[in-house]
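Numbering of the sequence shown is given in the working numbering, commencing with residue 97 and proceeding in unit increments.
Worth flagging that the hints you see were computed from the coordinates, not collected in a lab. The model shown is predicted, which means the values in this text are computed figures rather than measured ones. Note that the Cβ used here is the ideal one computed from N, Cα and C, for glycine as well. One thing to keep in mind: the hints can contain errors.
What the hints assert, rightly or not - For each label pair, taking beta carbons as the anchor points, the in silico distance ranges come out as:
#: 1; residue 1: Val-202; residue 2: Ser-157; range: 21 to 27 Å
#: 2; residue 1: Arg-107; residue 2: Ala-164; range: 42 to 48 Å
#: 3; residue 1: Ser-134; residue 2: Glu-98; range: 26 to 32 Å
#: 4; residue 1: Lys-99; residue 2: Pro-147; range: 32 to 38 Å
#: 5; residue 1: Gln-129; residue 2: Asn-194; range: 53 to 59 Å
To be verified - Computed cross-link-like contacts, DSS-like style, restricted to lysine-lysine with a CA-CA straight-line distance of at most 27 Å:
#: 6; residue 1: Lys-165; residue 2: Lys-201
#: 7; residue 1: Lys-143; residue 2: Lys-121
#: 8; residue 1: Lys-132; residue 2: Lys-154
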Amino acid sequence: MEKEAKKEAFRKYLETSGVVDALTKGLVALYEQNNKPSSAIEFVQQKLGGPTVAEHDKLQSELSELQAKYNELLASHQETCKQVPGEHKHGRTSPTINVLRRNIKVRAVQDFFHHDHFRRDH
Numbered sequence: 097m098e099k100e101a102k103k104e105a106f107r108k109y110l111e112t113s114g115v116v117d118a119l120t121k122g123l124v125a126l127y128e129q130n131n132k133p134s135s136a137i138e139f140v141q142q143k144l145g146g147p148t149v150a151e152h153d154k155l156q157s158e159l160s161e162l163q164a165k166y167n168e169l170l171a172s173h174q175e176t177c178k179q180v181p182g183e184h185k186h187g188r189t190s191p192t193i194n195v196l197r198r199n200i201k202v203r204a205v206q207d208f209f210h211h212d213h214f215r216r217d218h
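Given only the sequences and the hints, what does the whole structure look like? Please build it.
The structure is reproduced here in structure tokens:
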């Protein structure tokens, strides 16, 4: 009987959180399509607000490119830190070096969020 109570609690959770309505709307939209899409799952995902497979792949590619760029910037930064005086003997870093490190991280994040897929006007 405990299993049935868990099922009922989960069903109520899905209903109150809007999952049942969202899925129902997506499935009804699919049912009402005269020309059924080749990928029913992708159609429902789009109706739920998710990206298409192509959009997801593009975002993954952009993420990989940005990660590579960040890694390049970090390596360059680390090399610069070796060349710039200011490292203290006791493992402390000068405020100038800390600012440089922070700026590199900020720049990488800004580059990521300034790509077209984050802009709402497209």
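Handout entry: Hints the structure fails to honour
Key = Of the numbered hints, just 3 does not hold.
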